[in-house]
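Chain B: place on chain A using the hints.
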Amino acid sequence: MSKAIFELMDNLPQNNITIMMLKSLDFVVPGEWQNIVGFDNMIRHETGEDDPALIQQIGEKAVRLYNDNTQGYQRAVWLYQTVDNADAALGAAALANKVGGKIPLLGGLLTNITPNPDQAQAIDLSLKLVVEIVAFCQINGIPGDSIGDFLASLANYSGEEIMRLATLICVDGLIPLGPDFLGKIHETLSNLSSNDLQNNKTFSSISSLIPGGNIGGQLSFINNSFDSVKGWMSDFVASKNLSPQTILNNLKSFVEFSDDKLDYVAAFLDLSTNYYEHTGIQTVARKLITRAYNEI
Amino acid sequence: MQKVFTPLLLICLLFVGACGETPSPSPYDQVQEETTQPKQTKQPKQISQEIHAGGDFNKFFPGDVNGYKRVYTSEKKGYAEAVLKKDGKVVATLAISDTMGDTSVASKFKGSDKIDGYPSAKQGKTKTSILVADRYQVTITSKTLSESDRKEILTKFNLNGLKNLK
Numbered sequence: 001m002s003k004a005i006f007e008l009m010d011n012l013p014q015n016n017i018t019i020m021m022l023k024s025l026d027f028v029v030p031g032e033w034q035n036i037v038g039f040d041n042m043i044r045h046e047t048g049e050d051d052p053a054l055i056q057q058i059g060e061k062a063v064r065l066y067n068d069n070t071q072g073y074q075r076a077v078w079l080y081q082t083v084d085n086a087d088a089a090l091g092a093a094a095l096a097n098k099v100g101g102k103i104p105l106l107g108g109l110l111t112n113i114t115p116n117p118d119q120a121q122a123i124d125l126s127l128k129l130v131v132e133i134v135a136f137c138q139i140n141g142i143p144g145d146s147i148g149d150f151l152a153s154l155a156n157y158s159g160e161e162i163m164r165l166a167t168l169i170c171v172d173g174l175i176p177l178g179p180d181f182l183g184k185i186h187e188t189l190s191n192l193s194s195n196d197l198q199n200n201k202t203f204s205s206i207s208s209l210i211p212g213g214n215i216g217g218q219l220s221f222i223n224n225s226f227d228s229v230k231g232w233m234s235d236f237v238a239s240k241n242l243s244p245q246t247i248l249n250n251l252k253s254f255v256e257f258s259d260d261k262l263d264y265v266a267a268f269l270d271l272s273t274n275y276y277e278h279t280g281i282q283t284v285a286r287k288l289i290t291r292a293y294n295e296i
Numbered sequence: 001m002q003k004v005f006t007p008l009l010l011i012c013l014l015f016v017g018a019c020g021e022t023p024s025p026s027p028y029d030q031v032q033e034e035t036t037q038p039k040q041t042k043q044p045k046q047i048s049q050e051i052h053a054g055g056d057f058n059k060f061f062p063g064d065v066n067g068y069k070r071v072y073t074s075e076k077k078g079y080a081e082a083v084l085k086k087d088g089k090v091v092a093t094l095a096i097s098d099t100m101g102d103t104s105v106a107s108k109f110k111g112s113d114k115i116d117g118y119p120s121a122k123q124g125k126t127k128t129s130i131l132v133a134d135r136y137q138v139t140i141t142s143k144t145l146s147e148s149d150r151k152e153i154l155t156k157f158n159l160n161g162l163k164n165l166k
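Quick mapping for you: the protein sequence lines, in order, are chains A and B.
Taken in order, the first sequence gives residues 1 to 296; the numbers are from the working numbering.
Taken in order, the second sequence gives residues 1 to 166; the numbers are from the working numbering.
FYI, nobody ran anything at the bench for these hints, they're computed from the structure.
Mixed in with the good hints there might be a few duds.
Straight-line alpha carbon distances no greater than 25 Å define the calculated SDA-like cross-link-like pairs of lysine to any residue that follow [claimed, not checked]: (1) B:K143 <-> A:Q56; (2) B:K77 <-> A:D50; (3) B:K156 <-> A:G48; (4) A:K240 <-> A:V99; (5) B:K125 <-> B:R135; (6) B:K125 <-> A:L65; (7) A:K230 <-> B:G88; (8) B:K77 <-> B:G111; (9) B:K77 <-> A:N156; (10) A:K23 <-> A:Q119; (11) A:K3 <-> B:D29; (12) B:K166 <-> B:S148; (13) B:K89 <-> A:F150; (14) A:K261 <-> A:A152; (15) A:K230 <-> A:N85; (16) B:K151 <-> A:K23; (17) B:K110 <-> B:A133; (18) B:K77 <-> A:L151; (19) B:K86 <-> A:Y157; (20) B:K122 <-> B:G111; (21) B:K77 <-> A:N35; (22) A:K3 <-> A:A89; (23) A:K252 <-> A:V99; (24) B:K151 <-> B:D56; (25) B:K59 <-> A:F150; (26) B:K125 <-> A:D50; (27) B:K77 <-> A:F150; (28) B:K59 <-> B:K163.
Chain A with its partners taken away, still in its complex shape (with noise of 0.2 Å):
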């Protein structure tokens, strides 16, 4: 058994490099995103009520709609935390060199890191759409290679959700890849083996929750599920005026290097941070109360 799920909302960090990393990126979605920790906090937030004895009831319905397996909340909160790769022992040792309230990208830091490849950066960031479709067909109850009511509902994608697809872009897509990196990521894709996504280990974690019945047809669902979504992360990026420098002027407010480093900067987000499993358990919780309120 996992854990609670008012567990996951405690034990949420109120500061650390990911919320850092959010707080930097709150320019893409202004205000959108709170960093809401603690359960009855969610509770109270959500709901808008502030009686303890409503907000008992509330939480243990909640609490039993997530440990009852037939609902899919459990597998959602596995994928989120399951597509990031976080190195907690790498956070640990970047804050602890602050200076100054901001982390220094050099040194000893750097030789812990190593920059991905285009194409591991590809999968890596099409793994993390996918993740989120699944996820989202999870939670909400549509049927698990629904791309197409996925594709509705981003139109309707808010706080903590809009805050995840934002980071997305930019911290998995336009830092490590460039301004083409939807170009890259299509070409990525297209020339992808089998072979090439068995040997992934992400894609190994969670390939048992990916539809497609064979590696092959899992394939398949990853390239129409970035083919899918491209075109709304092409407009948002438009939209928004973003740009890999913009992302990188507003990091500079936590995180110093040098721009001969980029390649660094993205590695080291990418290890440092977990922010699918920190927006993750948010969305869980947040849905999981609202349903919870709904039905007592």
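Frame of chain A, contents of chain B only:
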């Protein structure tokens, strides 16, 4: 010799104690335990089979209403949910849930006021609901709409249609 061992032993005990630290108690520990026991995870089969799929409820929701856009957001077994939006922001959440097998929900409607002839209940500051056919809870929650606004929107559901859902 003992003088050396005692502090060593204390240090070891402290270390072991710190490793075995138990999480602080939560008000949800009891329900967590109840719902993670193997026997509790299975519902009686005949009840779970009768619970409606969430999709069965979609057609009873109002369409766009009072200038708000209605967007479906969730469809789970025994539960369907939509939101009302204005200028891209959620104003209210609407839901229909099948209370079959959960008598605790129906009891709050006993001796209550009625909306369109159906028993209604207000919970907390933000939720109003009605019970249709002694079984389907129709709910609106909103942090901004008044209770009278919430009641009015509840009447926009196809309540008579829902009443006849078998």
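Each hint tested on the structure:
no.	hint	result
1	B:K143 <-> A:Q56	holds, 19 Å
2	B:K77 <-> A:D50	violated, 29 Å
3	B:K156 <-> A:G48	holds, 24 Å
4	A:K240 <-> A:V99	violated, 31 Å
5	B:K125 <-> B:R135	holds, 23 Å
6	B:K125 <-> A:L65	holds, 23 Å
7	A:K230 <-> B:G88	holds, 22 Å
8	B:K77 <-> B:G111	violated, 29 Å
9	B:K77 <-> A:N156	holds, 22 Å
10	A:K23 <-> A:Q119	violated, 28 Å
11	A:K3 <-> B:D29	holds, 12 Å
12	B:K166 <-> B:S148	violated, 30 Å
13	B:K89 <-> A:F150	holds, 19 Å
14	A:K261 <-> A:A152	violated, 38 Å
15	A:K230 <-> A:N85	holds, 23 Å
16	B:K151 <-> A:K23	violated, 39 Å
17	B:K110 <-> B:A133	holds, 13 Å
18	B:K77 <-> A:L151	holds, 22 Å
19	B:K86 <-> A:Y157	holds, 14 Å
20	B:K122 <-> B:G111	holds, 13 Å
21	B:K77 <-> A:N35	violated, 30 Å
22	A:K3 <-> A:A89	holds, 21 Å
23	A:K252 <-> A:V99	holds, 13 Å
24	B:K151 <-> B:D56	holds, 23 Å
25	B:K59 <-> A:F150	holds, 20 Å
26	B:K125 <-> A:D50	holds, 9 Å
27	B:K77 <-> A:F150	holds, 19 Å
28	B:K59 <-> B:K163	holds, 13 Å
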